[in-house]
Amino acid sequence: MSKVLVIAEHDGTNLNGSTARAVSCASDLGLDAIDVVVLASDGSSVAEQAAKLTGVTKVLLVQNPANEHAVAAFLAPQIESLAADYSHVLAPSTTFGKDLMPRVAAHLGRPQISDIMRVESAMVFDRPVYAGNAIVTVEAPEGLVVGTVRTASYKAVSNDGAASVETRSVDVNLPSHTRFVELQSGGGDRPDLQAASKVVSGGRGVGSEENFKVIYSLADKLGAGVGASRAAVDAGFIPNDHQVGQTGKIIAPDLYMAFGISGAIQHLAGIKDAGTIVAVNKDADAPIFEVADFGLVADLFEVAEELEKAL
Amino acid sequence: MKILVGVKRVVDFNVRIQVKADGSGVTTDGVKMSMNPFDEIAVEEALRIKEAGNAEEVIVVTIGPKAAQEQLRTALAMGADRAIHVETDDEIQPLTAARILQALAEKEAPKLVLLGKQAIDDDNNQTAQMLGALSHWPQATFASEVEIEGDKATVIREVDAGLETLSVDLPAVISADLRLNEPRYVKLPDIMKAKRKPLETVTVEELGVEHVAAVKVLKTAAPAKREAGIIVESVDELVAALKEKGLI
Ligand SMILES: Cc1cc2nc3c(=O)[nH]c(=O)nc-3n(C[C@H](O)[C@H](O)[C@H](O)COP(=O)(O)OP(=O)(O)OC[C@H]3O[C@@H](n4cnc5c(N)ncnc54)[C@H](O)[C@@H]3O)c2cc1C
Chain Y
1 MSKVLVIAEH DGTNLNGSTA RAVSCASDLG LDAIDVVVLA SDGSSVAEQA AKLTGVTKVL
61 LVQNPANEHA VAAFLAPQIE SLAADYSHVL APSTTFGKDL MPRVAAHLGR PQISDIMRVE
121 SAMVFDRPVY AGNAIVTVEA PEGLVVGTVR TASYKAVSND GAASVETRSV DVNLPSHTRF
181 VELQSGGGDR PDLQAASKVV SGGRGVGSEE NFKVIYSLAD KLGAGVGASR AAVDAGFIPN
241 DHQVGQTGKI IAPDLYMAFG ISGAIQHLAG IKDAGTIVAV NKDADAPIFE VADFGLVADL
301 FEVAEELEKA L
Chain D
1 MKILVGVKRV VDFNVRIQVK ADGSGVTTDG VKMSMNPFDE IAVEEALRIK EAGNAEEVIV
61 VTIGPKAAQE QLRTALAMGA DRAIHVETDD EIQPLTAARI LQALAEKEAP KLVLLGKQAI
121 DDDNNQTAQM LGALSHWPQA TFASEVEIEG DKATVIREVD AGLETLSVDL PAVISADLRL
181 NEPRYVKLPD IMKAKRKPLE TVTVEELGVE HVAAVKVLKT AAPAKREAGI IVESVDELVA
241 ALKEKGLI
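Chains Y and D are the protein sequences, given in the same order. So that you can map any letter, position 47 of the first sequence is 47 in the numbering used here, and since no number is skipped, the others follow by simple counting. So that you can map any letter, position 155 of the second sequence is 155 in the numbering used here, and since no number is skipped, the others follow by simple counting.
Calculated from the structure, these hints are not laboratory results. Among these hints, one or two may not hold up.
[Unchecked claim] List of simulated lysine to any residue pairs, SDA-like, C-alpha gap at most 25 angstroms:
no.	chain 1	residue 1	chain 2	residue 2
1	Y	K155	D	E227
2	Y	K309	D	L247
3	D	K20	Y	D273
4	Y	K3	Y	S81
5	Y	K309	D	K2
6	D	K20	Y	H107
7	Y	K221	D	K197
8	Y	K213	D	R179
9	D	K2	Y	E290
10	Y	K309	D	K152
11	Y	K221	D	K243
12	D	K225	Y	I265
13	D	K245	Y	A298
14	Y	K198	D	A240
15	D	K2	Y	K213
16	D	K216	Y	G223
17	Y	K221	D	G246
18	D	K216	Y	T276
19	Y	K282	D	L247
20	Y	K282	D	V232
21	Y	K213	D	D29
22	D	K197	D	K20
23	Y	K282	D	K111
24	D	K111	Y	S176
25	D	K107	D	D29
26	D	K152	Y	H107
27	Y	K213	D	V235
28	Y	K309	D	K225
29	Y	K198	D	G246
30	Y	K282	D	A228
31	Y	K282	D	E233
32	D	K243	Y	I265
33	Y	K282	D	I231
34	D	K243	Y	A122
35	D	K245	Y	A122
36	Y	K221	D	L247
37	D	K219	D	D29
38	Y	K198	D	I231
39	D	K225	Y	G275
The model shown is predicted, which means the values in this text are computed figures rather than measured ones.
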């Protein structure tokens with residue numbers, strides 16, 4: 001019997017939407033069972049949410065005070081001790097999974113397949129390289145497969161499952177060399193960038209932190225998440241967790257609106273799976289227009305204001 | 001303390017990637033090669049730690065073909081003290097790279113290994129974490145701020161939810177994100193000086209590292225292309241188009 005173990009991402013209270021996307025990828029493997037493991041300090045509510053994900057066979061709940069924050073050095077040895085029962089171990093390719101899974105893979109002496117975007121068979125996968133400018137088809141060597149799932153390539157599974165929740169105790173020594181200090185969250189009430197169906201993004205063209213109000217205001221009118229280019233984050237207009245692109249978040253909203261973003265390949269890497277792309281830029285030659293479904297060559301401030309009124 | 005920094009030779013980030021028609025890979029002949037941008041940031045950070053009096057020596061290492069010595073020379077010109085070239089013409093995957101770095105770390109006994117968070121060619125984002133696992137060292141990935149105090153490092157990490165701070169004991173491995181620093185420009189006299197700095201060559205075999213079961217690349221394809229759409233002339237036209245698609 002071959003089974004896949006999906007590592008749940010959560011914040012202690014809520015299951016992160018990336019988990020449902022990773023389960024969707026796991027379903028494509030066509031194995032006998034999909035288990036989800038919730039590593040938490042107090043994770044029963046997260047485990048219940050995971051048990052509802054369609055296709056999940058069983059949820060393992062591993063509770064340990066050390067799991068209060070997702071510290072890779074603590075989580076990896078616990079996952080390693082569970083892995084023996086599985087043919088595949090997957091996690092979303094968010095900063096959580098990117099940080100954690102190579103540590104798991106190396107502990108187990110296995111290579112890792114990063115950013116799985118398509119499952120061809122249980123051992124053959126497509127993944128992007130060169131910021132998504134080439135796609136490689138790769139075959140994992142025989143044995144346990146460790147991978148991360150490019151969440152923008154998968155739709156979340158629905159919530160009509162009823163898996164059982166099993167509490168597991170994992171007896172491993174955890175290191176004392178790492179201490180979680182704090183998490184400063186950009187937060188706010190706006191929709192999560194990675195889950196939002198609409199995203200309004202601003203680039204260097206927005207010009208200042210003050211001017212970004214125009215972007216927030218339009219986003220709020222649309223019920224959209226707010227994104228940004230690296231240049232806008234580097235300039236301090238907006239916090240880092242809004243960055244979209246090769247090294248930021250890879251997103252797949254139905255609607256993506258780019259204001260004052262030129263469209264560098266590293267930025268485009270983050271929006272390749274967006275449904276409809278709208279670009280507003282005063283430079284008619286900006287490369288963003290090469291990928292935009294609707295382009296408007298104009299001043300972004302005038303357009304944002306007019307658009308907000310028209311909605 | 002010593003700091004070991006890994007640098008990789010990659011296709012320059014400004015190059016438009018061409019996938020070969022026969023699916024065997026991407027064109028690298030005659031293409032501009034550079035140091036992976038994240039590694040350049042790692043080198044810069046190591047130099048700043050040394051300049052702040054928290055390290056005595058910065059050693060840069062690359063794993064790759066003869067030509068990768070160019071990137072080592074760049075790192076030496078930036079200010080690294082010496083270089084190690086692990087020479088191989090084989091394609092080295094992250095787990096093997098991590099084993100090589102582990103072998104070097106055992107030999108050189110650095111207190112800190114600094115790597116870029118990902119290489120912009122294979123975009124794997126694995127090596128630092130794998131090295132952390134193999135060495136049983138703490139890891140602090142995607143660093144945007146590093147502070148060394150005695151036997152500890154405090155690292156601010158860029159995560160999806162914001163900025164996370166970890167405190168780790170040294171030795172540790174840290175992977176650099178883009179906002180950690182802005183690498184210095186190399187000046188001509190530094191390039192001349194770098195030519196006289198020590199550069200040692202070793203092979204993978206000499207380090208006692210065996211190749212591990214590797215991921216096999218079956219084919220390389222160009223991504224699905226997005227068709228360019230239309231240019232609308234006014235906000236009204238845009239609103240009408242989005243309404244028609246049911247997006248607003
Ligand atoms: C290794 C690496 C990784 C990277 N990762 C990322 C990443 O993840 N995400 C990312 O975004 N970038 C990334 N970058 C950076 C990327 O290469 C670009 O530098 C960046 O995306 C540019 O941001 P921008 O489009 O906002 O700025 P610019 O390129 O400066 O473009 C600003 C645009 O605004 C327009 N504009 C100015 N004023 C107005 C106005 N009033 N009205 C309308 N338009 C206006 C201009 O015409 C211009 O096109 C990375 C780079 C490297 C080297």
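Quick rundown of the hints versus the structure:
1. Y:K155 <-> D:E227: holds (22 angstroms)
2. Y:K309 <-> D:L247: Roughly 16 angstroms between the alpha carbons, so the hint for K309 (chain Y) and L247 (chain D) holds.
3. D:K20 <-> Y:D273: Cα-Cα ~23 angstroms, so holds.
4. Y:K3 <-> Y:S81: holds (15 angstroms)
5. Y:K309 <-> D:K2: violated (60 angstroms)
6. D:K20 <-> Y:H107: Judged against 25 angstroms, a Cα distance of about 36 angstroms means the pair is violated.
7. Y:K221 <-> D:K197: violated (59 angstroms)
8. Y:K213 <-> D:R179: Holds - the C-alpha atoms of R179 (chain D) and K213 (chain Y) are around 23 angstroms apart, at most 25 angstroms.
9. D:K2 <-> Y:E290: violated (48 angstroms)
10. Y:K309 <-> D:K152: With a Cα-Cα distance of about 54 angstroms, the restraint between K309 (chain Y) and K152 (chain D) is violated, given a limit of 25 angstroms.
11. Y:K221 <-> D:K243: Judged against 25 angstroms, a Cα distance of about 15 angstroms means the pair holds.
12. D:K225 <-> Y:I265: holds (13 angstroms)
13. D:K245 <-> Y:A298: holds (22 angstroms)
14. Y:K198 <-> D:A240: holds (17 angstroms)
15. D:K2 <-> Y:K213: violated (46 angstroms)
16. D:K216 <-> Y:G223: It is violated: about 44 angstroms lies between the C-alpha atoms, which goes past 25 angstroms.
17. Y:K221 <-> D:G246: OK: K221 (chain Y) and G246 (chain D) at ~16 angstroms, within 25 angstroms.
18. D:K216 <-> Y:T276: violated (35 angstroms)
19. Y:K282 <-> D:L247: Measuring from Cα to Cα gives roughly 24 angstroms; hence the hint holds.
20. Y:K282 <-> D:V232: Given that 25 angstroms is the threshold and the Cα spacing comes to 13 angstroms, the pair holds.
21. Y:K213 <-> D:D29: Given pair K213 (chain Y), D29 (chain D) is violated - Cα atoms ~47 angstroms apart, limit 25 angstroms.
22. D:K197 <-> D:K20: With Cα atoms ~38 angstroms apart, K197 (chain D) and K20 (chain D) exceed 25 angstroms; violated.
23. Y:K282 <-> D:K111: Violated, at roughly 50 angstroms.
24. D:K111 <-> Y:S176: It holds: about 17 angstroms lies between the C-alpha atoms, which stays within 25 angstroms.
25. D:K107 <-> D:D29: violated (35 angstroms)
26. D:K152 <-> Y:H107: Roughly 24 angstroms separates the two Cα atoms, so the pair holds.
27. Y:K213 <-> D:V235: Status holds; Cα separation ~20 angstroms.
28. Y:K309 <-> D:K225: violated (34 angstroms)
29. Y:K198 <-> D:G246: holds (12 angstroms)
30. Y:K282 <-> D:A228: holds (17 angstroms)
31. Y:K282 <-> D:E233: holds (12 angstroms)
32. D:K243 <-> Y:I265: violated (29 angstroms)
33. Y:K282 <-> D:I231: holds (12 angstroms)
34. D:K243 <-> Y:A122: violated (41 angstroms)
35. D:K245 <-> Y:A122: violated (37 angstroms)
36. Y:K221 <-> D:L247: Distance ~13 angstroms between K221 (chain Y) and L247 (chain D) Cα, so the pair holds.
37. D:K219 <-> D:D29: holds (18 angstroms)
38. Y:K198 <-> D:I231: holds (20 angstroms)
39. D:K225 <-> Y:G275: Measuring from Cα to Cα gives roughly 13 angstroms; hence the hint holds.
The structure does not agree with the numbered hints 5, 6, 7, 9, 10, 15, 16, 18, 21, 22, 23, 25, 28, 32, 34 and 35 stated previously, though it agrees with the rest.
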